[in-house]
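Trainee: Next come the chains, spelled out residue by residue.
Number of protein chains: 4
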Amino acid sequence: MIKVAINGYGTIGKRVADAVDAQDDMEVIGVTKTGPSFGCQLAVKKQYPIFCTSDDEERINAFSEQGYVCHGGISKLLEIADIVIDCSPGKMGKINLERYKKSGIKHIFQGGEKHDLTGLSYTSCANHESALNANGARVVSCNTTGLSRTLVPLYDACGDITVECTMIRRAADPGDSSKGPINAIKPVLKVPSHHGPDVMTVKPEIKINSLAVAVPTTLMHVHSIVVELPVNHNLSTESVIKLWKEQPRVIVMNGTENRIPTTAEVMELSRDIGRKWGDLHEIFVWEEAISLIDNKLYYFQAIHQESDVIPENIDCIRALMGTNSDWKDSVSITDAAISKYNGI
Amino acid sequence: MIKVAINGYGTIGKRVADAVDAQDDMEVIGVTKTGPSFGCQLAVKKQYPIFCTSDDEERINAFSEQGYVCHGGISKLLEIADIVIDCSPGKMGKINLERYKKSGIKHIFQGGEKHDLTGLSYTSCANHESALNANGARVVSCNTTGLSRTLVPLYDACGDITVECTMIRRAADPGDSSKGPINAIKPVLKVPSHHGPDVMTVKPEIKINSLAVAVPTTLMHVHSIVVELPVNHNLSTESVIKLWKEQPRVIVMNGTENRIPTTAEVMELSRDIGRKWGDLHEIFVWEEAISLIDNKLYYFQAIHQESDVIPENIDCIRALMGTNSDWKDSVSITDAAISKYNGI
Amino acid sequence: MIKVAINGYGTIGKRVADAVDAQDDMEVIGVTKTGPSFGCQLAVKKQYPIFCTSDDEERINAFSEQGYVCHGGISKLLEIADIVIDCSPGKMGKINLERYKKSGIKHIFQGGEKHDLTGLSYTSCANHESALNANGARVVSCNTTGLSRTLVPLYDACGDITVECTMIRRAADPGDSSKGPINAIKPVLKVPSHHGPDVMTVKPEIKINSLAVAVPTTLMHVHSIVVELPVNHNLSTESVIKLWKEQPRVIVMNGTENRIPTTAEVMELSRDIGRKWGDLHEIFVWEEAISLIDNKLYYFQAIHQESDVIPENIDCIRALMGTNSDWKDSVSITDAAISKYNGI
Amino acid sequence: MIKVAINGYGTIGKRVADAVDAQDDMEVIGVTKTGPSFGCQLAVKKQYPIFCTSDDEERINAFSEQGYVCHGGISKLLEIADIVIDCSPGKMGKINLERYKKSGIKHIFQGGEKHDLTGLSYTSCANHESALNANGARVVSCNTTGLSRTLVPLYDACGDITVECTMIRRAADPGDSSKGPINAIKPVLKVPSHHGPDVMTVKPEIKINSLAVAVPTTLMHVHSIVVELPVNHNLSTESVIKLWKEQPRVIVMNGTENRIPTTAEVMELSRDIGRKWGDLHEIFVWEEAISLIDNKLYYFQAIHQESDVIPENIDCIRALMGTNSDWKDSVSITDAAISKYNGI
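Chains as they are written, first to last, in the numbering used here: chain A, 1 to 344; chain B, 1 to 344; chain C, 1 to 344; chain D, 1 to 344.
One or more of the hints may lead you astray.
It does not matter which identical chain is meant; a pair holds if it fits inside one copy or across any two.
Below are the PhoX-like pairs computed for lysine-lysine, each with C-alpha atoms no more than 20 Å apart in a straight line [claimed, not checked]:
1) 94 with 179
2) 94 with 203
3) 296 with 190
4) 328 with 91
5) 207 with 296
6) 101 with 340
7) 245 with 102
8) 296 with 179
9) 114 with 203
10) 296 with 340
11) 203 with 76
12) 46 with 340
13) 101 with 245
14) 102 with 242
15) 207 with 91
16) 114 with 296
17) 102 with 179
18) 340 with 45
19) 207 with 245
20) 46 with 179
21) 76 with 102
Calculated directly from the structure, the hints in this document are not laboratory data. Note that this is a predicted model, so its numbers are computed, not measured.
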């Protein structure tokens, strides 16, 4: 039973905790909060032991004043855990890494941190094996994870590929009302954007650049992708569709027949089939828009920012703990367990 | 054990089914689908028996061709149920009512239907007792339900009130991408709008008019409300807050302190505390904006369109079946049971 | 010929300058810029003499380095002008007022400043006569101006009125892409909002309160208004329509027949009829939504934030200079002159 | 003096009429309206003779009943004109073409019609000379026009180029409130989209494909473009910038320094510099996002849908009339004349 600590029980931390909790080979040994805020109630209900993100006595005691049991500071949690998933807000990476190294605990960071922090970036389908028994890793961002899921199988099928991607990004998170633009398109003026090239941290063989624009929506990102295949590839539009339908965590669906013309309907599908928080761990590819012309492959995919990396964290735990050397094994165990708390 | 049929297993039907399923005194005896579509999978997973909305043999047989067990047509379902919750899309009310009457089954319609259909409109806090043992009722719309929750306790506290409300409505459902406006405000040019006066179908003593505008958001409606109290009222801003905090299914929360300035953060709160589908059954009132000046009370409340009526349907079942004569009893049973499948 | 200085040649200043320039009894004697930025080109094209907002030699000389003729600092401009229109960005009121007083020049501020700054607030239809020959005044905000245009004639027609207004506000200016919310409704949590009561600075006899919400649109504000008339009023829906159709700077139009269901179409109407910058100086009232029920009058009006106050500034110049004692005289002169540079 | 008829005096027709009117070598001989609607007033003010789109006596007479002088039906207008600019709503192309051919009049259609209608597509910088003295032509769409302006000079500079473009399209026109999506991204599921390849109707040498998504904004389209240059090109990022700065009707501007991060600020720039209707005839390229890496050139450009083709229509008139054989001559005459009614 792998003992997992969740450092930071917020938007990502809550999701990772529930995904860990659903697995048979691991358990949530504790979650951290900065103080006795509203979010503690969910931890209590889930029976996850609460720890304080700090070791400061005063801050630890503040929890009991609000009626919560705090089991101690972060150091105590790191002592009893086998591995820690860092779900802190940005900019805490360096400080936390020091702490984890001192405690000698295995650690996983999220895509908000840079590759250099751990020197090892991870996504299940790209490089699970190279992460086996490593001490630390970074699960890559939602966008990099999404790109990897469709590009890695293409690379595996026909080798050398060159990718150009325009990321049409949601401009604000669903619960963020302070950011615009309300009625405009905002190009990311740093060209190429950092999004595409980040794929090369998990699959250096893929050549990729990207441009990005932010648009007034809060739901999902959309990638508009052109892949240049080797001239002697032997793929067809149909075989690409087949490839992706067999790929874990990719949904290939006809948008016209299923009345899913936009990201709004993709998200609603997710709620309708009973997914917790309305999340979509899979990336969504519109089937009828996949088009291979000569050696150029065109397609659109939609990415659910706050959730597609959740199952990747679970696989990464197994990689670092060295318990499952085959990525597909881990993926199927992870996803079967998660499906227990989802509708379908 | 009350045997409940759900006629129409779509956006509302799915939610009502799960709420029924969570109660100890009732069970889902069957749900209907028009055909073997994607949504059947959720029913299978939940182990709700599937029936066909039609009695046509061919349509019934179509289910097994897709691998689903169909237990028969709607007539068969109505035979074995004690009560049916009509969650059909709009405009089916009259036809369905005929069918229910022929089957001699108790029936509950949703707020999309008019009051005249059953002659009895229902919301838990307004008129539970007058619905006891009735044959049929209409659970009022999301807006009417929301207005009743804050206005009925005001009426109970000080009698004669006159209400003016501007409804700022989401222009499209979260999963509807075909409707605008993208960057405009659309007044409802029929004045007064039908929304406010519908409260009088459950509480005729409340005088109320309303204006409505649609705005480019998909999350929640907001009501901007002015209540004229009797001159000799003995309420204060503080006592109104206390009144509403004690009222079931009303959340009164300080938006500034809790960083909930808009409906986006209200919805995110709902997801963060683990509510299924991200729903919010309660209406949300911003505490610091409640303001009683002389005999005029001003406040804002936010309404989650697809979910605030779900628990009302459960209470209405008990009213029609005559099992719980006190509305607060039913409400507390309903809400405790629902909380089992929600985070907090 | 009234010599008018425009202090601040930005969004408002440019519009006021062109409106002044179109009049026969006044001229633009100079406009100020903080430095030789892009906006100077428009002043050059219009042949408005450019001055510097500061008296600093270095800053004045900076203009010629960029090829612009700068005629001196603000003090020099104030010396040669009869009156200054302050179109500075917010928070400059106090400092500028000191300067104007020292120069002994008449001055007009905009609605971003508070009433207390000059102690005299102005809008053409409400209190032109009380501003005759005054030294300084504040032209009230776009919202207050819009409310005055429909409320003052109502007050004149039947005396004592009590007004409740919900302002549905555009959340960002058309050229501001940094603000949200993208997909939410944001209530203004200070209740009542400051908007409505500001009407009482120009017409103290009108009792008014307001609530406000911000919504994701950049075009116009909409007011949802309920006016309680005296019980013995002798108005009808038709007579109110007639009243407003005769009122200057109010457009009463049937939205359904003219296909103007939302603020988007109102703004497009403005562009289509050739209005400069697509501005709409008039406020727009949807005719079919005007509804008088017993003694309550309901209606919606739309306000073009950056332009409805432009002609008011012209009238205010005449009031302070004492040249036109009748407001309707000034309004008709102003509007006829402005129409020369507009399509219709 | 070229006598120009404008068939259809709506959104495009009004703009073309004013642009024609501003030229010294052509005049508006008449504009057509379907009936005596509101838009006639603008024609009267501009002193453009009004004709009826139909030859039906009854419809012609209807104008005088509303107080407008109608000079006859379309046939009469075609008799007295040298050339007609077809600005009718879509789907009228075939019928109108027949009429123009019968009248033996030269004719120009807009980009809503297909290339096949006239067999000759036109944009000033791509193929002015090939349209000299032709009988009919189609001025290409806003997107094709915009792409041509940056791609043609690239082709001229280094030959063989291959272009991939993602069009991020405004989902609705500024005056259209009926269309969504409000909070979603909608990929155009036909891949490749028709937009890019349309460039080949004016410049067959350019290889181009495109993908398109619609997003909730009403202002401008944005193109995200990757151009593969010949390996032996001798361009640099700087020389590309220089190339485009010298190209007519292209604005290359640093978005960061000039505070123009999004399309909202681009449009506001247009209003602020006094452009009629807030139009922007030029396409806007963000300078700092132009990036040439090896032989791939990346850039973003913004397109003002309803106006970038207006000056192209003027040049096309001269091409068909055979009066100016050099495109740059025509362009400079056109733009100088138009600038008379614009601020800068």
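Trainee: At 20 Å max between alpha carbons, let me know whether residue 296 reaches residue 179 within a copy, between copies, both or neither.
Mentor: neither (37 Å within a copy, 33 Å between copies)
Trainee: If the cutoff is 20 Å on CA atoms, where do residue 328 and residue 91 land: within, between, both or neither? Let me know, please.
Mentor: neither (32 Å within a copy, 49 Å between copies)
Trainee: How do residue 76 and residue 102 come out at 20 Å by Cα distance, when the copy is not named: within, between, both, or neither?
Mentor: So residue 76 and residue 102 pass the 20 Å test inside one copy only (13 Å; across, 68 Å).
Trainee: Using 20 Å as the alpha carbon limit, work out where residue 102 and residue 242 are close: within a copy, between copies, both or neither.
Mentor: neither (47 Å within a copy, 51 Å between copies)
Trainee: How would you classify residue 203 and residue 76 at a CA-CA limit of 20 Å: within, between, both, or neither?
Mentor: neither (37 Å within a copy, 58 Å between copies)
Trainee: With identical chains treated as interchangeable, where does the CA-CA distance between residue 46 and residue 179 reach 20 Å or less: within a copy, between copies, both, or neither?
Mentor: Cα proximity of residue 46 and residue 179: none, with 32 Å in one copy and 37 Å across.
Trainee: Between the shortest in-copy and the shortest cross-copy C-alpha distance, which are at most 20 Å for residue 340 and residue 45: within, between, both, or neither?
Mentor: The answer is both: 18 Å in one copy and 10 Å across copies each meet 20 Å.
Trainee: Check residue 102 against residue 179 for me: Cα-Cα at most 20 Å, and say if that holds within a copy, between copies, both or neither.
Mentor: Neither: 38 Å inside a chain and 43 Å across chains, both beyond 20 Å.
Trainee: As a check of your reading, is residue 114 near residue 203 (CA-CA no more than 20 Å) within one copy, between copies, both or neither?
Mentor: within (16 Å within a copy, 44 Å between copies)
Trainee: Which holds for residue 46 with residue 340 at a C-alpha limit of 20 Å: within a copy, between copies, both or neither?
Mentor: both (15 Å within a copy, 11 Å between copies)
Trainee: Is it within, between, both, or neither for residue 296 and residue 190, if the alpha carbons may be no more than 20 Å apart?
Mentor: Between copies only: 15 Å across chains, 26 Å inside a chain, cut-off 20 Å.
Trainee: Cα distance capped at 20 Å. Does residue 101 pair with residue 340 within a copy, between copies, both, or neither?
Mentor: neither (35 Å within a copy, 40 Å between copies)
Against the hints set out earlier in the document, violations occur for numbers 1, 2, 4, 6, 7, 8, 10, 11, 13, 14, 15, 16, 17, 19, 20.
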